[in-house]
Structures are given as C-alpha cells and as structure tokens.
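Construct the complete structure from the given sequences, taking the supplied hints into account.
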Amino acid sequence: DTEVTQTPKHLVMGMTNKKSLKCEQHMGHRAMYWYKQKAKKPPELMFVYSYEKLSINESVPSRFSPECPNSSLLNLHLHALQPEDSALYLCASSQAYSLGMNTEAFFGQGTRLTVV
Amino acid sequence: GENVEQHPSTLSVQEGDSAVIKCTYSDSASNYFPWYKQELGKGPQLIIDIRSNVGEKKDQRIAVTLNKTAKHFSLHITETQPEDSAVYFCAALRPNRDDKIIFGKGTRLHILP
Numbered sequence: 058d059t060e061v062t063q064t065p066k067h068l069v070m071g072m073t074n075k076k077s078l079k080c081e082q083h084m085g086h087r088a089m090y091w092y093k094q095k096a097k098k099p100p101e102l103m104f105v106y107s108y109e110k111l112s113i114n115e116s117v118p119s120r121f122s123p124e125c126p127n128s129s130l131l132n133l134h135l136h137a138l139q140p141e142d143s144a145l146y147l148c149a150s151s152q153a154y155s156l157g158m159n160t161e162a163f164f165g166q167g168t169r170l171t172v173v
Numbered sequence: 112g113e114n115v116e117q118h119p120s121t122l123s124v125q126e127g128d129s130a131v132i133k134c135t136y137s138d139s140a141s142n143y144f145p146w147y148k149q150e151l152g153k154g155p156q157l158i159i160d161i162r163s164n165v166g167e168k169k170d171q172r173i174a175v176t177l178n179k180t181a182k183h184f185s186l187h188i189t190e191t192q193p194e195d196s197a198v199y200f201c202a203a204l205r206p207n208r209d210d211k212i213i214f215g216k217g218t219r220l221h222i223l224p
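Protein chains in written order, with the working numbering: chain L, 58 to 173; chain B, 112 to 224.
No lab work stands behind these hints: they were computed from the structure.
Incorrect hints may have been included.
[As the list claims (entries may be wrong)] Below, computed lysine-lysine pairings styled on BS3-like, alpha-carbon distance capped at 27 angstroms:
(1) B/K211 - L/K95
(2) L/K110 - B/K211
(3) B/K216 - L/K98
(4) L/K79 - B/K153
(5) B/K182 - B/K133
Bear in mind the structure is a predicted one, so any value in this text is a computation, not a measurement.
Below, the structure is given as structure tokens:
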C-alpha cells in the first residue's frame, strides 16, 4: 500500500472562512510534506514534518498553519486566505528524512482549493 | 542551492515512438533522482528513480540514465502509448542538507495517434 489519502478533493472557501485540509498515510512513513502547486508549475514545498515535528517552513504566510497530530496524519489549517492562494495542495510522505537516506516520496491526489 | 533544469517543456511524439526528457542539476552532492508523472487533476506519481551509485535503471518501457560527471539525467520512454500523455517532472535530492525535493519545471508529453 503506497497510498496517501487527502480530503477533501475540492474546496471552495471565502476569504473570511476557516477550513482544514487533511492527509493520511499508513505506510509507517515518518516524514510528511505539504506542497502547493499552481497550474502548469512544479510543486512548491511549504512544510516538512519529521517525526511529528515541524522541520522546515518555507517562509509560508501564517494564514497557513500545519499540524501533525500523529505519525499518520497531517493537517493544514487555513484562515483568511487570499484569491491568489487558490491552487492544488499536495500532501506527500516518505520513509525517512535527513538521515542521509533519500527514499521515495509518495504524493496524494491533492485538494483543489478555490478562494473566492 | 540546488537548481534543476528540465527540457523540453513540451514534447509531441507519435504513438509507438520513443520519448526522451533531459534534466541537469547543479549540486554535485545530489544523490537521488526521482521522476514523477502527473496526469490532469491528479497528484504526481513516482514512476522511476535512480541513485548516484547507478548509471542506468530500467522498468519495462521506462528507463533512466545518470551521468554524474556531466550532472545530467534523462528519462526514456519506449513504445509510447496514449496513456503516457501527462506532465513529467524530474527532481533531485541532496543528502545531509535539507533533503528537499527540488523539481524541474516539467515536460508536457503529448502522444499523437
């Protein structure tokens, strides 16, 4: 099983709303990632969690707030977003991180977010 | 930091012919090079990867080659089929740095009937 599950698949939210994106994996991976992808562009890294601790924040605005409740779950809390935040938000996981062992990263199908 | 260049940005190939996508990287410390296929409305799917201690790897119709000296790696798809139409991303990772996946800009592959 190499599945990373993201919910919801689609989300439309207003600029004053608060919503959350969810990601789940049961591969025993200890590194989990949030990426943002705009149309016709490669994914851009937002956050990395390693062993449930935030290890990288790519200078993401505070209106995006990640959370890793346990080793299988990753959330992205959204508040006061702007229309330019509309994008495909991808979650990924990998077996190990920063241990000198680069291993395969598996992506979920993404959440298509539209901010109106 | 690491920089990954990918060419071409768009590639049209007759069904049954071969397709080649090329990438170069800048940091000689990078040692892991995955390739992802992304279909419309879906997340990137890992299709093949190669580590720096290997020069070539093959999986059915897909192969990847790595030239560490020249710092470039390539994806080869033979006997292309309509379902190969997608956007392909190459990537590079550096050990003991930040281990971030650095993506190329992507190649949109069209398989022509």
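Going through the hints against the structure:
1. B/K211 - L/K95: Distance ~19 angstroms between B/K211 and L/K95 Cα, so the pair holds.
2. L/K110 - B/K211: 16 angstroms, holds
3. B/K216 - L/K98: Measuring from Cα to Cα gives roughly 6 angstroms; hence the hint holds.
4. L/K79 - B/K153: OK: L/K79 and B/K153 at ~16 angstroms, within 27 angstroms.
5. B/K182 - B/K133: 11 angstroms, holds
In summary, the structure agrees with every hint in the numbered list given earlier.
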